[in-house]
Every structure is written in C-alpha cells, then in structure tokens.
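Asks: In order, the protein sequence lines correspond to chains C, P and U.
At position 185 of the first sequence the residue is numbered 185 (our numbering), and the sequence of numbers has no breaks.
At position 300 of the second sequence the residue is numbered 300 (our numbering), and the sequence of numbers has no breaks.
At position 39 of the third sequence the residue is numbered 39 (our numbering), and the sequence of numbers has no breaks.
These are computed hints drawn from the structure, not numbers from a lab.
Backbone N, C-alpha and C define an ideal beta-carbon position, used for all residues, glycine too.
Check each hint, because a few of them may be wrong.
Claimed, not checked - Pulled from the structure, derived: some chain C residues nowhere near chain U, Cβ distances all over 10 angstroms:
1. HIS56
2. CYS92
3. CYS112
4. GLY149
5. GLU361
6. GLN417
Said to hold, decoys possible - With a Cα cut of at most 27 angstroms, we get these calculated DSSO-like pairs of lysine-lysine:
7. C:LYS29 - C:LYS68
8. C:LYS419 - C:LYS299
9. P:LYS210 - P:LYS257
10. C:LYS336 - C:LYS125
11. U:LYS72 - C:LYS68
12. C:LYS68 - U:LYS89
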Amino acid sequence: MGNACNTITFNAAQCDGCGLCMTACAETKGSARIQVLPAEDKTYALSLCRQCGDPHCVSTCPTGALTKDVDTGVIAWNGDKCVDCLLCTVGCSYAGISLDAQTRRVVKCDTCDGAPACAAACPTKALRYVTTARIYNEVRDWEDLFAPGLSGCQGCNTELLMRHTMRRVGPDSVLATPPGCVPGMGSVGFNGLAGTKVPVFHPLLTNTAAMLAGVKRQYNRLGREVTAIAIAGDGGAADVGFQSLSGAAERGEQMLFMVIDNEGYMNTGMQRSGCTPFGAWTSTTPVGPESRGKSQDAKNLPLIMMQHRCAYVATASTAYMEDFYDKLDRAIQAAKTGFAYLHVYSPCTTGWRFPADQNMEVARKAVETNFVLLWEYTPGQGLRFTHAPDNPLPVTAYLKVMGRFRHLSPEQISHIQNKIEENSAFVTSLAQSAAAQA
Amino acid sequence: MNSASVAERPAPVSEKKPKYMLCEGNEAAALGVALARPDMVALYPITPQSSLVEHLAKLVADGRMDADVVEAEGEHSVLSVLQGATLAGGRTYTATCGPGLAFMFEPYFRTAGMRLPMVMTIVTRDGITPQSVWGGHQDAMTVREVGWVQIYCESVQEVLDTTVMAFKIAEHHDVMLPVNVCLDGNYLSYGSARIEMPEQAEVDAFMGGKDVNWHVALDPLRPMAVDPMTGNASGSGPATFVRYRKGQCRGMQNALKVIEEVHADWGRRIGRHYAPLVEEYRLDDADFALLTLGSMTGAAKDAVDEARAAGRRIGLIKIKTFSPFPIDALQRALRNVKALGVVDRSVAFRWNCGPMFQETLGVLYRLDRHLPAQSFIGGLAGADITVEHFHRVINDTEALMQQPERIYHEPVWLNEKD
Amino acid sequence: MDATQYLIVGSSHAAIEAVNAIRLHDAEGSLTLATKDSQLPYSPTVLPYVVSGRSSPDRAFLRDDNFFARQKVDFRRGCALSALDPQRKLARFADGSEIAFDKILLATGAAPVRPPIPGLDTVPCHVLRTLDDATGLRAASGRARRAVVLGGGLVGMHAAENLVEAGQVEVTIVEMNSQVMGGYFDATAAALIEKAFAAHGARLLTGHKVVAAAPAGQGAVLALDNGENLEADLLLVAVGVQPDLGYLNGSGVACQAGILVDDTMQTSAAGVWAAGDCAQARNFFTGTNTLNAILPAAAEQGRIAGMAMAGDSDLKPYRGGVPLNTYRFFGHHALSVGNGDAPPGAEVMTRLDEAQGRYLKAIFHEDCLRGIFAIDEFFDGGVMWELIRRRIDLSAMRERFFADPLAAGRELMSQHWR
C-alpha cells in the first residue's frame, strides 16, 4: 500500500477570492503556481497541482523529468531533465502543471517542501495544508481492536473515534464503555460474544471512573503497565456518572476518560442531558405551544474537569483529526501518571437531525462558529487554544445545518450567540492568563 | 451486651503464648481484614462504621497492612472501585451501613451478579427515616434478596474470626459470591471485649492461595468481554440470563456447605469453634425456644439460663448465617420445639412481622405439624434488648404452648414502652 | 523454458504504464518485461533532444533498474520478439528462447518508414527512432555541411531545427505535402512555423518529392520531382513511422496497419493485448480503429491494458484516441488538441496576429469543442483534451471561451470534473 501524504486542501465555500495565495506563491517561487478562478455564483475555483497518486503528467513525460515521490507525495520537476516539450500539460486534466509565460518553462506546485506559502497566506483558511498523513500512515500499522461491523447509526462518527482511539491506545489496555451509544454499537458485545480484542466491560452508567480506577490500581499493585480507558457518553459523565468522575479526577486516578459528547441520551431515544445546549429539541424537551426546546444552557463539563486540575484536559472534534490525535497522544501519556480527560464533540446524525453525510461538516461548523472551542489544559501550562477562535462565523451558520434548532426564535438565537461570546471570552481570559504566567 | 459464647476451647494448636488485646468490634473487623491480606480496601465513613475505616487507614499508615487504600467519594464508588480491582484479580474489602448501603445498591446488586468474591462488613444501622444513626438490622435485612451471603456475628471475637473466614467463603470456587459480615451497630461496633489475635502465619496457612477472578477478568493477557448484553426474547438472551441466575442460586446453596467446612477448618487450625449456620443452646430437652440473631443472643442466653434455673424447659436457637437461609439446619433445630418466639431487630413491612420471623414461617411449612410462633420486634434505633425483655419473650412463648393451633396475627414490640 | 504470468513486450510508455497498472492490482503475480532494446526504457519523443544535446544519452531514461526491482519485474533487454503463438501462449525471441505466459501485452512500438525512392538503399542515411540513431545523428550533425531532411513532421522538423541551431549547416526540408506538420496544424499555423524556419536560414521545399537518390562522395545526391538535385552529406529520413509486426505472421492476431484492439486493448486473440504505437485502437471522432502514434495515447492505452490484464474492476473502457501534440520551435510553442477537420455544420473560429506570430483556432461541432490549435497562445492542453472527451457543451460561452481559453477552460474544469 502507498503512503498517505500531506496535502494542500481548498474549501471553496471559504474563499473570497482575495488572491493573497497567488501573491504569496509568486513571491516565493517567482511566479504563481496557484490560481484562484472566478466560478459560478460569485464562488471561486482553484487550479493547483493535486500531486495525484497516479499522475498522468509523469506518464506523459518523455524524459523522466517528472517523478512522484512516494514518501512526500510531491511530484517533483527536474529542470535539468526537462526539454520543455509541454506534453505534461497535455497529460494533466487539472491545469496543475502549466507554462510560465516569463521563463517559458513549466511550473508546478512543490508544496514549498512541506511549508506552503499559499496556505500560510490564506486569511480565510480556505487553503489549508493538511498534515494528517502522519496519522494515517501510523494508524495503518496499528491493530484495529474492535470487531468488524459495529452497529452505529449511518453517518455517526463514534465508530471512527472508537477505532482510532483504541488503535492508538493499543492492546495492553482495559476498556470501559458505560451504557450509551458505544456499547449500543457493540463494544462489549452481545450474548457472550465480545466486541473488542481488549478486555472490555459495561460499567454502570454511574460508576465508570470508579471501576476503572480499581482495575488500574490493581495492575499498578501487580507491577503491570495497563492503560485504563473509558469511552463514555455525555449523559453518564456529566449527569448521573459525574460523582464518580469527579471523585476519580480529584484522587488523580490514572486513566484516560474520553467523553463522546453528542449532547443528550441519544442511544435511548434522544433525551435531554446536562450537556444538551439551550434551545435544542430533544425527545424530553420537545417543541410545542408551551415549549421551545431546552430552556437551560449546557453544563460545560470540560471546564469543570479543568477545575479538578486533572493531569490533562482537552476538547476535540472529529473535524480536526490531527488536533484530536495530538491530544490523544498527550492524554495517553498523561494517563500513565494521572487523570486525563478528553472531551470529543460528536454530532449525532439521528438525534440532531442532519443528513448522514454531513457529520464532519456539522462538527466543523461547530468549531468555526466557536460553539465548540478547541483547547487543552495541563496544571503546569494552564489552558491554551489549539485552534484559534478568532473571526468566528455567526452561530446561525451552525444552527441552520441541523433540524434540532429549526424552531428557534430570534431571541433564542441571540441567547445562544451571547452565550457563545460569553464562553469564548471566559475561556480566552483563561488562556491569556496562562500565557501571561508562562 | 453480654459476653460472647465461645465454644469450649480445645488444647492450643500453637505452643506460642496467646496474644490478647482489648478492642471494639470495629477494630476487630479491621484486624480481621488485615489478617486476610487484601489488595485493596475502599473507605467512606458513616456512623456507626466510621471507626472501622479509621482503623483500616491506620493499619495501612502504620505499615501493618499492605493494601491499596482508596478514599472514595461515596459508597457507590467504594463498591465500584473494588469491583474493578477484583476483576483485575485483587482481594478487596469495605464496610458500610444504612444510608451508605442504600446508596451503593446499584453496584451492590451487581457484585453478586458478577460473582465477585468480595467481603463487606455491614455495621448494621436502622433507618433511614425516621432519622437515626443507631443500630438495628433494617439495612442488611432490606437487601437480603440481592444475592450476597450474609453472616451475623454475636461477639467481638467472632467479628474478627468471621471476617477472616468470610474471604475464604467468598473465594471458594463453589461459591464465588460476595459476603457481608454483619455486626450490630453500637453494641458490637463500639463494644469492647478481650480478643485473642491469631498468628498471621496460621491465618496465611488457613487462607491458602488467592484466586478471585479465575472465572471473570479484565486482563489484557486473557481479554474477555465482562457482562455483555444478553439479547432479547427473540433469541438466546433469556436462556443465557437464566443460566447465570441459576448459577448464582447454586453458589448460594453451595455456600451452606462451604461455610460449615470453613468454620470447621478455622476451628481446627485456630482453636475457636462457632456454629456456622444455626447454633442450638440448651435445646435438647427444650419444649419451647427463642430464635435470635446477632449480639442480642448474649442477653437472650442469660435469660434462658435464668428461666432454666427456674425449671422452665426453654432453649435457644441462634441464626449465624442468614443468607443463604439455613433451612435444613433450622428445621433440625425445631424438631422437638412446641412453641417458638422469634426476636427481630428490624421490620418486614409487608408481613407485619420481623424479617427473620417471616423467613422462619417458610421453614415451619416444612414441619409435619403446626408450630405456634410469635414475632417479637425489639432493639430498633439502638434500643437495648435486655434480659428482662427476653423474659417477656419467654413468657409469651411459653404461653403459646397452651394454644397449639394459634395462627400468628401481629408482632410484639419490645421497646415500645421503654 | 521460462514461464510468467504477465509478459510485456516493449519498454516505453505503454509498457511502463502497464507495469504500474498491473502492480496496483496484483502486487505479486510474476511479470516479465522483454525489450529488443539494449538500454533502459526511453521515450522516442526524447530523441530529438538527444540529437540537439539538450538531453544527454545517459540521462534520457524514463526509469532505472530500481523501478523494475521495486515493481518486481523481470526486465530483459536485447530480447526481440520473433513469433507469437496465442494458442499455446508462447512467445519466441530472436535468440531462439521462449517464454510461456498467461497474458501478453504487445507494446512493440513502431519503426521509421523508408519511402520507396529508387536508390535510397544505396546512400547513407539516418533515421531517428532509437537512442543509437540519436547518438549517431548527433555525431554526424557536427560534421555535416549540407543536410537534407525528408519529411516535415515532428521528428523531421525537430531534427532540422537542431541542425539549423548547430550553425554551420545548410538545411533543406523536403515535404511532399503542401505544408509541414500536416497531421496537427492547418496551413496558417504551418505558414508561421515555416516562416520561423526560413528566418533561421532553413530552406523548405513543400509540395515536392524526392524521386531518386544516388551516392555522391561521403553523401548522396537527391533528385527532386521539379528536376532540382540536392546534395547532402547528411540525409535524415523522417517521413513517418509504422508498426513492424512481422512477429505476428501466422499468429492469427487480427491486424491492419496496426494490431486491432477493442476498448480494453484486447486483440482478437484471447490473452493477447496491444497498446501504444503498434496498436490500432478506436478513434474518438470516427469510431473506427486508427493508428494514433502519440505519447499520451500510448500511456493511456498501456494503463488500460494493464488493468484489463490484471482484472482490475476499476477499468473504464478507452474513450477513443484524440490526436494531440505539443511542438516547440525556435522558442515558440505550438499546441494541437483534437481533430483539425471541420465537418459540415462545424464552426471554426480563428485569430491571427501575424506580427507577433500568434495564432489560435478552435473548431466547435454539435455545441462541443472538436479541436483547438495554437501558436504562442496559451491554454491547458489537458483541460482541452477533457473538454473534448467529455463533450462539454460550450454553446453558451463559445465567444468567452475563444477569447481566453486558458481561464475559461479552468473555469469549466472547476465546474465539471474537480
């Protein structure tokens, strides 16, 4: 199998056509290898080498001047071997390699050796250099520890989280999956058949952290290194399971406690939890003449966990897998000596009412609107943002992509917007004070 | 509280000088735990158990017990953290009572279902409302149908000895059930008495190897799914469930035999003998008898002795093992009894009697005759059941012999007018 | 006798693409690549640049030995295919050796045509198809004073330009058609090209034929159809190529000018595929099988053949050959994509800037682009190729497209296949 490679991505919806990418490219390379083009309805398109996996420019080159580097993924052009025949420009269907009118030679993107100037210059993040390849190249070699065919809802990102997390954590672990979507998908198994290759159990909804602490302590006593990990839902963690979570965090029990926050009791039919946001429809905060969805704001569990001064606390989103993986690595490390808490936002296709193919987009919109803030905390370093919360989109960009907020009144929307700003200001002040102390 | 009834001591097993000390029942329990060498104890204080966990913490702090101490944030987590440790192969212990027991009900139920051989002392307490921090069996009696083995102690020495034995009973492969050692709040918890400490080496030899999670484990070296969902009635789910439930019941019944064997072994090695299930006191030629439980038995025996001195043919039956209920042993004890007075320290609301009385009714059904019996409820909320109270019980029970066909109607409340 | 699962004969673009395609689907199946050449793979297209010195012969290779090692290919040089037996699945080579195969790809390319000119076989002359040809021609160029190039196609024009640039050579190009580069450009474009050659001192004799050749000293003298005699101390014959298919005699594989293939590059014989300059595949415009001896077609056909041989289910059938080429002369760029014929109903748009030597021509037919041709006008050849093959409707934006085919093409690309 080939390697995954880092790549420049373009999100047309975020491009305003400012052209700074072209300027940056031209300044770096002498002439622009990237071009933003006006497309239909005031949108923009991009012409840039895609560093194809099966590059036709390379197949049509008669001199071997173009080569695909299987490690970096970059198609390199060797000017010494090139005879300027231009056949490569015919081979490429994407205008990724073209004639430079000044030098009269072909030019193409070389990703600036892994630090592309265009992405750095893009003010709207329409262009991004995605470096997740490292993760996938590593993940490929790790053992998948779940049975095939977990029975999640269509489009749910939880299976992704479970598989990726356990691949990273590895087989020398004990996994606790309290009642909720995770065991509902078959993590523990049914009728005597196991759902994973690691020791796994249902704790009660209420006692995950406590049971896991007992397991971990006994292995410490035996001198065996075993990672204790919980993959829990928000209901069990923030509501009825909060006492044991808080107690274990206070005692600094050595474990990785991961909460998959789908903002409600989704496995049992989408009832409200303490993490359900204001205004959201749930089956117990229905919409009718006397009710407009949940009338209280959500509990901010990660901030509460931060106040326990856990060894590590972070929020994450599956729309930002690289960020998630960095945090997962740090959480696994922190769990060797203390309590590590990882809070992952998990849009629920079924309960939030959006199309099954939109999960990542909903997750991304949550971050782009600051509805979800991505940060991490350690007692030594304090809190820091891992994704800048500057220039957020209005919250309507998030609310409108799902059905559970469809009924909101302007007053409710403005309440949510205000809460976002209040929360963002509060967390920003934490980050600033941590930075000031550093 | 009266002195314990320790059976006649045979010649000492060891030539070493016996080690005596004065301690309260809570400390005796802690000392028994230390002798059993658990891997983990989890602590959460509650009256009248608090000094027990304080003693445990001190034993560990002083280096006299090598166990991991978890100061959990509540009883629910206390039991949960022990479940985790047991699933990882640890021998575990805790103690609670009353409201604490109620709070831990969810994992409490599950401990038996997962067949985890854990030991937990219930320093029995009445309650929960009317508010009371005083002794009484209401807490332990309320959970008698949850699947734990429950053994009641009569004396401080028996607390120490039974606590050690409880681990051996729980971990026996034919049992694999959690065990409650019940000691009466106030009367045993705080009552001090001279005890004799067994030698650690003797206890080690008695305990043998530790093998608590051979049947169910959370261990990366032998990965398994612990407690997967049983499916619904359209498949094999209910059949799987029944298989587990029947196994639990079988373990409970096996416990009767194992408890006897373990007590016999303890007596052989340590030199102290206790009736493991049902104790018969001056019963051989008795026409009528009292049935007691726990620390009240001391006063009851004094009353029986006085009544005997007065020429009345009275005997006493004490239940030590309440769960599983010692049906056969009790039936044997009742072979010649013509009237029975059952003294409970708690209430069975549904039958308007004491819970032990209610359980005994089931045994009476197995007799080929009608045995008139009366429920007495006393000692609630820490009240003392004195020798005088037992004389009233004796009188009332003796009177029953004149009404051989009498059917039970309502209890006699012993401390009502104290 | 050696046996292999996949046998590929030839080592240029079609062969290399077939290797890649097979290995994407079948990482392990035995694969043998046999070529009559004694060199590592190279492209005939690079040869004019070897002649000019732009590419050195030792750096003109497409792939090195590592490529074959990595792709697990048994690479055999100096193996000229001499006979094929599709029934017995045997290939015989000039040295008498045989290889048994499951599947074979014929990618044997084409050889220069030698026109039937009386006396031509008596005079020293060059052709340009192999690396040896190129190094020989380069050496001869340095000594030449009077050079004659027969044929005004890509190879001939490239070579002529090289000779002109070398400086001290008098160069004459003889083309029997009325214009040079007839396969790819119209007369207007050809005139611009011819003008550039004339400006650099080359003499173009279009519309003329050589009718006889005779030795003269170290060179030759050529008689033209207008009575003129040309002296040449260097003669290059570059009137075109055609497949050399002698090895198919008696094989039963259907051939016309080339080997007839279907849209998966399979020949009439089971287990036998053909791709590249030797194959006669479907023409995109006519639907009939025609030769299309260009590099991009060879690469595409080789890829399809490899996928078909390996049983890759992602295989999409050949969409048909489209003539296309790029041509660089004296610093100018000429680009030709598509069919230069204008059928009835076609719309032809042209733009000529004679002073700057710039020319653009586009042919639209049935709302779609049919061909686009340019000298020093810039657009993305690959994008145009896709516009033609996808039959993108340009009726609404024809004017805008023609005004700026580079920008319009990329815009269309972003709408249709990004």
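Asks: Hints first: check each against the structure and report whether it holds.
Replies: To see whether the hints hold, each was checked on the structure:
1. At the 10 angstroms boundary, the C-beta of HIS56 of chain C falls inside the reach of chain U, the nearest C-beta of that chain being 7 angstroms off.
2. Remark: the non-interface label on CYS92 of chain C conflicts with the geometry, its nearest Cβ contact in chain U lying 4 angstroms away (cut-off 10 angstroms).
3. At roughly 22 angstroms, the least C-beta separation between CYS112 of chain C and chain U is larger than 10 angstroms, which holds for a residue marked as non-interface.
4. Distance to chain U confirms GLY149 of chain C as a non-interface residue, since its nearest Cβ pair spans about 23 angstroms, more than 10 angstroms.
5. Separation of GLU361 of chain C from chain U is adequate, the least Cβ-Cβ distance of about 18 angstroms exceeding the 10 angstroms criterion.
6. A cut-off of 10 angstroms between C-beta atoms confirms that GLN417 of chain C is not in contact with chain U; the least separation is 34 angstroms.
7. For the proposed pair LYS29 of chain C and LYS68 of chain C, the alpha carbon gap of about 20 angstroms is at most 27 angstroms, so the pair holds.
8. The suggested pairing of LYS419 of chain C with LYS299 of chain C holds, with an alpha-carbon distance near 12 angstroms, which does not exceed 27 angstroms.
9. Our distance criterion of 27 angstroms between C-alpha atoms is met by LYS210 of chain P and LYS257 of chain P, whose separation comes to about 20 angstroms.
10. Simply put, LYS336 of chain C and LYS125 of chain C have alpha-carbon atoms about 36 angstroms apart, too far for the 27 angstroms limit, and the pair is violated.
11. Straight-line distance between C-alpha atoms of LYS72 of chain U and LYS68 of chain C comes to about 18 angstroms, which keeps the hinted pair within the 27 angstroms bound.
12. In summary, the hint linking LYS68 of chain C to LYS89 of chain U is not supported, as the alpha carbons are separated by about 35 angstroms, beyond the 27 angstroms threshold.
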